[in-house]
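Got chain A; can you put chains B and C on it based on the hints?
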Amino acid sequence: MTTAGIYDLLRELPFFSNLGESALRFIAGCGQNVHFAADEYIFRENQPADAFHIVRAGHVALEIASPDRGSLMVQTVGEGEVLGVSWLFPPYRWQFDAHALEPTRAISFDATCLRAKCDEDPALGYELMQRLAETMSRRLRSARIRMLDLYSHAGTS
Amino acid sequence: MPVEQSTVIDRSELDVLIATLRDRGYTVVGPTIREEAIVYDEVTGVTDLPEGWTDEQDGGTYKLRRRDDRALFGYAVGPHSWKQFLFPPHTLLMRARRTEEGFEVDPGENDQPTYAFLGVRGCDLAAIQVQDRVFMEPHADPTYSVRRTSAFIVALNCSTPSGTCFCVSMGTGPKAGPGYDLALTELLDEDGHRFLVEVGSDRGAEVMDALTHHAAGPAEEAAAQAVVERAAAAMGREMRTDDIKELLYANYEHPRWDDVAARCLTCANCTLVCPTCFCSSVEDTSDLTGDTTERWRSWDSCFTLDFSELGGSNVRTTNRGRYRQWMTHKLATWIDQFGTSGCVGCGRCITWCPVGIDITEEVRAIRDQGSDAASQEDPS
Amino acid sequence: MVPSRYRVTSRHRETPDTITLALEPVEGEALSFEPGQFDMLYVFGVGEVPISFSGARDGQIEHTVRSVGAVSRAISAARPGDVLGVRGPFGTGWGVEGAEGADIVVAGGGIGLAPLRPVIQRIIERRDRYGRVSILVGARSPELLLFREDLAGWRSRFDMDVSITVDTAGVDWRGNVGLITELVAETGLGPTTVAFICGPEIMMRFVASALLDRGVEPGHVRLSMERNMKCAIGHCGHCQFGATFVCKDGPVYSYDRIAPLLAIREV
Numbered sequence: 001m002t003t004a005g006i007y008d009l010l011r012e013l014p015f016f017s018n019l020g021e022s023a024l025r026f027i028a029g030c031g032q033n034v035h036f037a038a039d040e041y042i043f044r045e046n047q048p049a050d051a052f053h054i055v056r057a058g059h060v061a062l063e064i065a066s067p068d069r070g071s072l073m074v075q076t077v078g079e080g081e082v083l084g085v086s087w088l089f090p091p092y093r094w095q096f097d098a099h100a101l102e103p104t105r106a107i108s109f110d111a112t113c114l115r116a117k118c119d120e121d122p123a124l125g126y127e128l129m130q131r132l133a134e135t136m137s138r139r140l141r142s143a144r145i146r147m148l149d150l151y152s153h154a155g156t157s
Numbered sequence: 001m002p003v004e005q006s007t008v009i010d011r012s013e014l015d016v017l018i019a020t021l022r023d024r025g026y027t028v029v030g031p032t033i034r035e036e037a038i039v040y041d042e043v044t045g046v047t048d049l050p051e052g053w054t055d056e057q058d059g060g061t062y063k064l065r066r067r068d069d070r071a072l073f074g075y076a077v078g079p080h081s082w083k084q085f086l087f088p089p090h091t092l093l094m095r096a097r098r099t100e101e102g103f104e105v106d107p108g109e110n111d112q113p114t115y116a117f118l119g120v121r122g123c124d125l126a127a128i129q130v131q132d133r134v135f136m137e138p139h140a141d142p143t144y145s146v147r148r149t150s151a152f153i154v155a156l157n158c159s160t161p162s163g164t165c166f167c168v169s170m171g172t173g174p175k176a177g178p179g180y181d182l183a184l185t186e187l188l189d190e191d192g193h194r195f196l197v198e199v200g201s202d203r204g205a206e207v208m209d210a211l212t213h214h215a216a217g218p219a220e221e222a223a224a225q226a227v228v229e230r231a232a233a234a235m236g237r238e239m240r241t242d243d244i245k246e247l248l249y250a251n252y253e254h255p256r257w258d259d260v261a262a263r264c265l266t267c268a269n270c271t272l273v274c275p276t277c278f279c280s281s282v283e284d285t286s287d288l289t290g291d292t293t294e295r296w297r298s299w300d301s302c303f304t305l306d307f308s309e310l311g312g313s314n315v316r317t318t319n320r321g322r323y324r325q326w327m328t329h330k331l332a333t334w335i336d337q338f339g340t341s342g343c344v345g346c347g348r349c350i351t352w353c354p355v356g357i358d359i360t361e362e363v364r365a366i367r368d369q370g371s372d373a374a375s376q377e378d379p380s
Numbered sequence: 001m002v003p004s005r006y007r008v009t010s011r012h013r014e015t016p017d018t019i020t021l022a023l024e025p026v027e028g029e030a031l032s033f034e035p036g037q038f039d040m041l042y043v044f045g046v047g048e049v050p051i052s053f054s055g056a057r058d059g060q061i062e063h064t065v066r067s068v069g070a071v072s073r074a075i076s077a078a079r080p081g082d083v084l085g086v087r088g089p090f091g092t093g094w095g096v097e098g099a100e101g102a103d104i105v106v107a108g109g110g111i112g113l114a115p116l117r118p119v120i121q122r123i124i125e126r127r128d129r130y131g132r133v134s135i136l137v138g139a140r141s142p143e144l145l146l147f148r149e150d151l152a153g154w155r156s157r158f159d160m161d162v163s164i165t166v167d168t169a170g171v172d173w174r175g176n177v178g179l180i181t182e183l184v185a186e187t188g189l190g191p192t193t194v195a196f197i198c199g200p201e202i203m204m205r206f207v208a209s210a211l212l213d214r215g216v217e218p219g220h221v222r223l224s225m226e227r228n229m230k231c232a233i234g235h236c237g238h239c240q241f242g243a244t245f246v247c248k249d250g251p252v253y254s255y256d257r258i259a260p261l262l263a264i265r266e267v
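Chains as they are written, first to last, in our numbering: chain A, 1 to 157; chain B, 1 to 380; chain C, 1 to 267.
FYI, nobody ran anything at the bench for these hints, they're computed from the structure. Beta carbons: idealized from backbone N, C-alpha and C, even for Gly. Each hint can be trusted.
Selected chain A positions facing chain C (Cβ under 10 Å, derived; list incomplete): (1) 76; (2) 80; (3) 101; (4) 139; (5) 141.
Just chain A, with the same shape it has in the complex (with noise of 0.2 Å):
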């Protein structure tokens, strides 16, 4: 797919809007259309964090391995949101695996390509940054809450 259909692409997720076209047209050229199959496994832990993707359709569950119990899955990911923060900041490492649940289409991003672009233009880098943040404020505070084990704890009636 060419940068302009990636850009096409781009202008629909909400993650991107309000970020100005140029911009877009920017980041557009570390992107690339993905297609993973049912089952497949994006990425696995402590592989080299080297994409930022963006799911356009389908299933992704973060899981952690466990000799006795299995896979543990700590969240899923559906459509329009983030999957991977780690590219962002060294040792860049996967901390989990990703997991497709079903057949999952995506944007995805070359992580050395768009590192070089947000330094390249540190106002687009800001944006993107602020972006991401609130990802994973978002993703930190429901990991808090569910820490709190509130279902297990009586307190309903």
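For chains B and C alone, coordinates are given in the frame of chain A:
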């Protein structure tokens, strides 16, 4: 209800009043001295009353002192209120026994004693009416409603308020409001020892027919009026009430709560002596065989740690939370719940608090000290 | 008020600590209740606790009970044929009938789904009177979901959206893993949406907040609150929540009424 002209009875006629009420089947309960306090208990005659006594009350202080006259009602209120007779500290709610079809409930008879209350102060009459709104509507409590309906009330217009009284602030006295069967004002002067009597109901009028009385003249009316006016001018405390609900609703996080929490022992004395506090707990108990059980209701207090619970854990874990709950309920949320304040200004919570916490002082402190740092000035 | 005798007709284990009982009166007709109400469920010789109705069918009432203390543990041990006591119904209902014409969101977390089940049953009975219906369910893990048969039935319908998420799951789970608030993001909401939320208080606050952020009216969001109760008729004072008694001014409250109270500790 007929509006009778006021009448006057001699002091000696009080024994006839008590006897008349007893003859009609009432258990007469009135003030009497026990363990150095004036409490409410059964009285059989004037000799049981605290003749010539008065009380000195202040925060955490209660003392009896001899008067230099023989007044029978020359004191304020003690640790007892009339609530123990209408809403007993322990009440059997039901019995149940194990059967083949699970269990069977024995609702029991609802036989309740018939009381005549002798010497109900304005604050306490108002308190009974406050509790009526809790226990009579919309769900009528069977024990309370039977006792309340049958209770004969002889009110007493105060002559000698105490250091913790503030009925004037709460609009409940010293003149007892409507709702009594008879109301007495004690007159003790150079013209003798007598009582002005006002009739407030048909059964009050009917009881008066058995007493020797004469119509009150203008001098006697004036003397009774003066008693009440002197009492109104001698209040020990005061509390501004026009803005209380909004004040407390706006100040759930006021620093004063930390201040009072450091003093409060959560001993629950205030809730026990308060004539309007109505919280209770229910317990199912069984005999040793486990085949017969009883359900008992007992007085409870919001100061207990586990009073408010969610899923096995306590909600109000701190003194601060519980004191704030009690005071905010008494003065503010009660108004939204029942249409009146929960406080009648009797002062008992001040007198019987072991550390002398004064509800009027706490309200004043919250009002006077702004809750933002800028106005944390010394109020004096 | 004294308890009426109700016999357990069936018992179904939902999770290791939660069971659903169906009860029919020993004499007379079963009481009728509004979804959202509760009764005081009594075990002879042990005591009473407030339990929401979790369903009604064939002249029977249903209760889903979690073992927390002495009384609920005793209730959970009841078997078909055992007789329990019932006093009720008490409290305010969800107002399902009054929500006819609106789009509906039902959000239940953990055992909070139990008081909502009668809402779903009532909506299904009169499906054509409601707009879009979305059911959001949160649980700790897939094995701890309640009413699994009902859930499967609701999911198989074409006239309602059922979304389920769990806090954590193993490989057998193909559904969502995440907080129930994340399901709100995918739910169609509008100015006429009426939402019924039940679960731990923290969960209810966050779900309400997420709904409000998406434009749902605070007066259209209803929560079911809980406090300990002894009498259920506003006399014992234990269930007070601000100026309200949960037993008679609740347990169902509209969010705009209690939002300030939810923010105060120890209220």
